[in-house]
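Colleague: Next come the chains, spelled out residue by residue.
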Amino acid sequence: MQKKITAGIHRRKLHGLTDPRVVPYVLVTPFLIFFAVVYLYPLISTIIMSFQKISSGRNTTFIGFKNYARLNTRDFWMALQTTGRYAVWDVIVLTIVPLLIATVLNSGLAKGTNFFKSLFFIPSLTSIIVAGIVFRLAFGTLETATANRVLTFFGMEPVKWLSYAGPANFVLILLTLWRWNGVNIVYYLSGLQSIPKDQYEAAQIDGANAIQSFLHVTLPGLKPVLIYVITITVLGGFSMFTESVALWQQKNGGGVGRTIVGYMYMVGFDRNDFGMASAIGIVLLLLVLVVNLIQLILMGFFKKEDQ
Amino acid sequence: MAKNRINARKRGMLSVLATLLMILFAIFAMIPFAFMFMSSLKPGTEMMRFGLTLKYDPEVSSFANYAALNTYNDGIYWSWYRSSAIIMVLQTVLGLFFSSIVGYGLAMYEFKGRNLIMSLILILMMLPFEILLLPMYRMMTAAKLINNYIGVVIPYLVPPFMVFFFRQYCQGIPRELLEAGRIDGCTDYGIFYRIMLPILIPAFGAMTILSCMNSWNNLMWPMIVLRDNKLHTIPIGMGCTITPYKSAYDVLMPGAVMAVVPIIVIYLCAQKTFITGLTSGSVKG
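Here the protein sequences line up with chains R and L, keeping their order.
The first sequence begins at 0 in numbering that gives the first Met the number 0 and counts up by one.
The second sequence begins at 0 in numbering that gives the first Met the number 0 and counts up by one.
Hints in this document: simulated from the structure, not taken from any laboratory.
Keep in mind that a hint or two might mislead.
[To be verified] Chain R stretches covered by chain L per the calculated footprint, using a threshold of three residues with CB under 8 Å from any CB of chain L:
1. 125 to 136
2. 165 to 172
3. 175 to 187
[Unchecked claim] Simulated restraints on C-beta separations:
4. TYR55/L with ASN71/R: 51 to 57 Å
5. LEU285/R with SER118/L: 37 to 43 Å
6. SER118/L with VAL289/R: 16 to 22 Å
7. PRO261/L with LEU141/R: 42 to 48 Å
8. LEU118/R with SER14/L: 14 to 20 Å
9. LEU20/L with ARG73/R: 56 to 62 Å
[Claimed, not checked] List of simulated lysine to any residue pairs, SDA-like, C-alpha gap at most 20 Å:
10. LYS111/L with LYS222/R
11. LYS222/R with MET124/L
12. LYS111/L with CYS169/L
Remember, predicted model here, so these are calculated numbers, not experimental data.
All C-beta atoms in this analysis are idealised placements derived from N, C-alpha and C, irrespective of residue type, glycine included.
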């Protein structure tokens, strides 16, 4: 036996790229190149551009914080408001509803659990733009639009859904819930399945009812997944763009539906003002990082690392 | 005994409630598809007059609408379709290849800088990718990759979330397998190819569907890179090019149905691998 092992090691000449000490570096090289080209360089470039006036070609001049000062427009504050309102509701709805569904599915209380599991994921497979066509028509301005028919059926006034901030946000959240619900359910289910069964049994022996065991066993056990879901939902909420294009059919969202990213697209690609567009991007970056940092502190993410 | 019976009845009621709740959400998930399909059978003029309906009217409903996809703007819909499909395949194959080897390397080997790369990946997952698109557009212009599928795929070659997923998944693989392979005289690359790849199949299944989903749904970056109408993808075409006038309504709904069907078929075929792959590997802190 001993002989065989040494023979094996002998046969494998360790040199060059096949040396086990070198192999991991070869394996991660694609990521390092990718990181430099796709993340690091563009990030630095965005920061620099946000302090520049960029006219056609390579003509650039540093203008300090002027691009940021120019952000003080009605359009920008409206986009910020639209995005903020959407992000708050997005985090609330897309954290709680899928958690509720995943908990029910995991409890095995409902019949046909496996059927529902695969069914709930199907909307996530569609393109938001394509699904958005249905939502746009269903929540159209006309009285014949599906949602307005339902309202008039119950004796209520028809609503111009996509013309006002409040109703528009409702439709956006509904579209988002429809499209992303299944993804978050899968995340939660994976978390729920990793909670050991005996913890529930112990809680039951201690006389805990269903709600108590949810609060004291399920939620703590789900914490890593919960942090993950909230983090990506915050990111998705603040950088939302596709949903508003789907509902308003304009490349920059337009009016009540224009988000920060939509505004950035408009300034950058419609007005060709890359300096100001970069400043918008940096504001978005800071916003996402600060909100997520607060969220992670509140959830005790860093406390865990200390222990 | 009596207490047991009360518990059983309580459980029965809860079960009915839970099932009802699930049915409610199932209807919510499915009803847009029903609207989409029923409307796709009707001429656009009907839809402009009555909006979306679930009614089936044999006098006006037929599959004839689907033929409009071939004639609308010289069949540009199918050019969009082809664009979307090519990008989806390119992005998925390359993305899976690169992120699987990186994730595997991070999970299986101890080396200097590993923790740095891991924290980097976690930070990147929190970064709004959209803000990088302006300088990336300038890069692609300089590299003459505008109106080129390669230009669309480059920012998705090694997606951080996919690397993270593969790394989590590979951490479940016992390192003894690596040792055993070495003893058998395999190089480390041979071990990955012959021993690890078969083990990673569920992970590949899950990531294939996720990658296809992301690519099929992607709007902003393809819209920036693909300026030529004929090269547009389905989301660009359906979202921005087709305006709600005249004949466009005829193509809108059949086009939507045709865009949804293939990916759902792929999913239904692979859903078992998908769900197990996703739940066994994913986020555990």
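Colleague: Does each hint fit the structure? Answer for all of them.
Modeller: Here's how the hints hold up against the structure:
1. Given as covered by chain L, the stretch 125 to 136 of chain R passes the check, having 11 residues with a CB less than 8 Å from a CB of that chain where 3 are the minimum.
2. Counting residues of the stretch 165 to 172 of chain R whose CB lies closer than 8 Å to any CB of chain L gives 0, which falls below the minimum of 3, so the coverage claim is violated.
3. Against chain L, the stretch 175 to 187 of chain R contributes 5 residues with a C-beta closer than 8 Å to a partner C-beta. That satisfies the three-residue criterion, and the hint holds.
4. Distance hint for TYR55/L and ASN71/R: a CB-CB separation of about 55 Å, consistent with the stated range 51 to 57 Å.
5. For the hinted restraint 37 to 43 Å between LEU285/R and SER118/L, the CB-CB distance of approximately 20 Å leaves it violated.
6. Between SER118/L and VAL289/R the beta carbon distance is about 19 Å. The supplied range of 16 to 22 Å therefore holds.
7. Here the CB-CB span from PRO261/L to LEU141/R is close to 32 Å, at odds with the stated 42 to 48 Å.
8. LEU118/R and SER14/L have their C-beta atoms about 18 Å apart, which keeps the hinted 14 to 20 Å range intact.
9. For LEU20/L and ARG73/R, the hinted distance range of 56 to 62 Å is not satisfied, since their beta carbons lie about 43 Å from each other.
10. This hinted pair does not check out: LYS111/L and LYS222/R have alpha carbons roughly 30 Å apart, beyond 20 Å.
11. For the hint pairing LYS222/R with MET124/L, the CA-to-CA distance comes to about 18 Å; that is within 20 Å, so the pair holds.
12. With a C-alpha separation of about 19 Å, the suggested pairing of LYS111/L with CYS169/L holds against the 20 Å cut-off.
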